[in-house]
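Build out the structure end to end from the sequences listed, making use of the hints.
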Amino acid sequence: MSDRSAMAGGSRKLRVLCLHGFGESAESMRRRISPLAAKLSSECEFVVPQHSKPWWRASSLLFPEYKGCDETLRYVQDFASENGPFDGVLGFSQGACLAGLLSAMVQGHSDPPLRFDFAIICCGFCSRDAQHSQLYSSESLAIPSLHVIGDSDWFFLRWMAQGLASCYREAKLSHHDGGHDLPEDTSDIVDFIRCQALP
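In terms of our numbering, the sequence shown opens at residue 1 and continues consecutively.
Think of the hints as simulated: they come from the structure by calculation, not from any bench.
From a predicted model like this one, the values you see are computed outputs, not experimental measurements.
You may find that some hints are simply not true.
Only pairs whose alpha carbons sit at most 30 Å apart, straight line, appear in this in silico DSS-like list of lysine-lysine [said to hold, decoys possible]:
id, residue 1, residue 2
1, LYS39, LYS13
2, LYS53, LYS67
3, LYS172, LYS13
4, LYS13, LYS53
5, LYS39, LYS172
6, LYS53, LYS39
Dropping the structure here:
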């Protein structure tokens, strides 16, 4: 029986790795996802690493190098080895960029830092580090994804979020009235996660 079939049969919960945004902490990420976790308490475990630093720092505004990104990928790999497996990832802001990068590596690398089956990208964007540019192309990523975009977020950030979504072959979009945040109404995220549990 597959892991998803087992979950659908009630023997285990889905497990989702949650990645915080720039300037956030593990605790702030737990607060951010708490309404979602409460709705899915019997169906899904949301795992937030005890990590409270930026995943990387951009060396410049234009054409940046992401300093610390290689260390982050090793951290994710080590965390997954000790605490996995994970069925999906949920990333917010910089963490959503990381989730997108990990999605590309699942498909493009023989030994990716993390293996998972779906991604929830909240206020995401493609990595702007040139070393990652070959990982992104239109509709190249086959992993199921939900892209959550706040219609009151800054225009440029909404544009970047759409750009990352366009890299996924069957991206689902969820717009909400808020800004750079998860929505108050998490129904679209709940429905998406429940669909991933189906065998």
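For each hint, the structure was consulted:
For the hint pairing LYS39 with LYS13, the CA-to-CA distance comes to about 13 Å; that is within 30 Å, so the pair holds. Annotation: proposed proximity of LYS53 to LYS67 holds, straight-line Cα distance about 13 Å (limit 30 Å). Pair hint LYS172 plus LYS13 holds up; C-alpha atoms about 23 Å apart against a cutoff of 30 Å. Between the alpha carbons of LYS13 and LYS53 the distance comes to roughly 28 Å, so the proposed pair stays at or under 30 Å and holds.
Simply put, LYS39 and LYS172 have alpha-carbon atoms about 21 Å apart, close enough for the 30 Å limit, and the pair holds. With a CA separation close to 28 Å, the supplied pair LYS53 and LYS39 stays within the 30 Å bound.
In this structure, every one of the numbered hints holds.
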